[in-house]
Amino acid sequence: MTRHSNADDKATASMNPGLHWFRFAAPQTFYVLAGRLVPWFGWLAALLCVAGLYVGLFLAPTDAQQGDAYRIIYIHVAAAWMSMFLYLVMAGWAAVGLVLNTRLSSMMATALAPTGAMFTFIALWTGALWGKPTWGAWWVWDARLTSELILLFLYFGFMALQAAIDDPRRADRAGAILALVGVINVPIIYYSVQWWNTLHQGSSISMKSAPSMAMIMFVGMILMALSFWMYSIAMALVRVRAIILERERNTDWVAEFVGGKTGAAA
Amino acid sequence: MNWASWSDFFAMGGYATYVWGSYAVTFVIIAAEIVLVRRRGRSARDKIARSANRNVKRST
Chain G
713 MTRHSNADDK
723 ATASMNPGLH
733 WFRFAAPQTF
743 YVLAGRLVPW
753 FGWLAALLCV
763 AGLYVGLFLA
773 PTDAQQGDAY
783 RIIYIHVAAA
793 WMSMFLYLVM
803 AGWAAVGLVL
813 NTRLSSMMAT
823 ALAPTGAMFT
833 FIALWTGALW
843 GKPTWGAWWV
853 WDARLTSELI
863 LLFLYFGFMA
873 LQAAIDDPRR
883 ADRAGAILAL
893 VGVINVPIIY
903 YSVQWWNTLH
913 QGSSISMKSA
923 PSMAMIMFVG
933 MILMALSFWM
943 YSIAMALVRV
953 RAIILERERN
963 TDWVAEFVGG
973 KTGAAA
Chain P
24 MNWASWSDFF
34 AMGGYATYVW
44 GSYAVTFVII
54 AAEIVLVRRR
64 GRSARDKIAR
74 SANRNVKRST
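Protein sequence lines correspond, in order, to chains G and P.
Numbered per the numbering used here, the first sequence spans residues 713 to 978.
Numbered per the numbering used here, the second sequence spans residues 24 to 83.
Chain P with its partners taken away, still in its complex shape (with noise of 0.2 Å):
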């Protein structure tokens, strides 16, 4: 183990900027990129069954 503390860690030897802020945008980004791909399968997947429940009202 590199750290004596908690504060040690979150410190990243005086840059705590460059370091946190590295990793916070980019798990940030990845879990915004999640979210979207989420979103774009459902409502590709929610048009679909929408539009089939018309063809089977249309067809009774």
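Next up, chain G with everything else stripped away, as it sits in the complex (with noise of 0.2 Å):
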């Protein structure tokens, strides 16, 4: 990239809108962005979905120790990484905004939260569906089943806090300071079951070997987890166009956008 003056930059940016990206982070921009990307991610996380749930329980074969019972993993899996990796977005969309003061990544971080909350109460609701066949209990306190369930108290900290402070942007700097806090708790999660002696089984895949369950088992486990991943990004993107809207209700630009449509498009 070669040095040029201030002027040619607004030239460049102005014939290109395409390399503008910060106006991606005015809301308003974001909005119409955001209804456009949701068919696409809504419609790929639906297809990814049946064709997990094709190999998981139609092609994958009974599990030689486990049965069928085995076959919560294919949500069981997903979910729970979902439920980790949402947390680090949120805390991730939250500390941007903090620092750079931006609204709109302090509102991806909150729209982020329902549906990780979501995924990690299925991550343990199915836990415990699959922990009563094998362990022969619902629930027992090991660190794994402790700390996840910490995961839920956090998300649900973190929206009920900014549920109780009406101006938003405090909302959005407290919110932010307790999901950067509870980060702490994703690492202790993920190496529970190395750090402690756990009765939840440790990983069956890792970066560093290849998976130790059947390849079939894994690509239904994947197919689902990409699934869930979609889906996320779906549900954020349409709880942040609620949300844009909820907060910026009295700007100009929403009453022309949504008014001037009668409610009923946009």
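It is worth saying that the hints were derived from the structure and are not from the lab.
Note that CB positions come from ideal geometry on N, CA and C, so glycine has one too.
One or more hints might be untrue.
[Unchecked claim] Which residues of chain G face chain P? A few of them, derived with a C-beta cut under 7 Å, are:
1) Trp752
2) Pro773
3) Ala781
4) Arg783
5) Ile787
6) Arg951
7) Leu957
8) Arg961
9) Ala967
Build the complex: two chains, separate frames, hints provided.
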């Protein structure tokens, strides 16, 4: 990249708006972009889900040790991954909003929290239903389960704290602090099965070696994880659009955009 | 294909309660989230449209 004057920069940016990424940090621009992206992520999630369920429930063989109870893995592991991943993404956006003072980043964090909490609940629920036939208990206070339960409370705490503060920007900052302090819990969940002697099994998949499970089961699990990932993006985008409207309802662009179309479209 | 028949499939080797209990709750919650998030967007748009109409009436 060569150095040139500021005037040149502005000229290039206006000639080629695609290079001007920062404009998507403006809520009104992002509102439109998000609306266009939602169907893509939504349909991708649905297709991946159908494929994953087909592989996991029909093609994959019965497990030699656990019988068909193991088939809970296809939602359990995918949901547990998403519960941790979404927390990191949420904390990341909250941090960006805190440091750069960008409204939209904070709104993204707020939009991710309910979906993250939902996947955390699914991970715990399916875990209980898997624990009963394999361990003989719905719940045990082992490190993996307990730290995942704390994750659920962190999501609830983040949402409750933001809901309790009337000024949105203050709510953003307070939520960001809570989210960032809670990040410490994510590595604890992830490494809990190595650090402590847990009833919960170790991970079947690691970065270092080949997965310790049949290839077809692995494929089903990855498909479900990708499906939940795409679903999370779609949900976050739909929710952030609603949040943008709620927060910016007194601005001119919202009045023009939504008011002009009497609410039905847009 | 892993199953001999549909009833075989639904029986899940005796673990039907656990397996279907997991899948059913998961997809019910996902469906609920989709409904709720859409309702939230719709109510935000309705509120704005209503206040816009009010402003139009006031100005004329």
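To see whether the hints hold, each was checked on the structure:
1. Trp752: 16 Å, violated
2. Pro773: Interface hint status for proline 773 of chain G: holds (6 Å vs cutoff 7 Å).
3. Ala781: 4 Å, holds
4. Arg783: It holds, given that the least Cβ distance between arginine 783 of chain G and chain P is near 5 Å, below 7 Å.
5. Ile787: 5 Å, holds
6. Arg951: The hint holds - arginine 951 of chain G has a Cβ within 7 Å of chain P, the shortest such distance being about 5 Å.
7. Leu957: It holds, given that the least Cβ distance between leucine 957 of chain G and chain P is near 4 Å, below 7 Å.
8. Arg961: OK, holds: arginine 961 of chain G within 7 Å of chain P, min 5 Å.
9. Ala967: Holds, about 5 Å.
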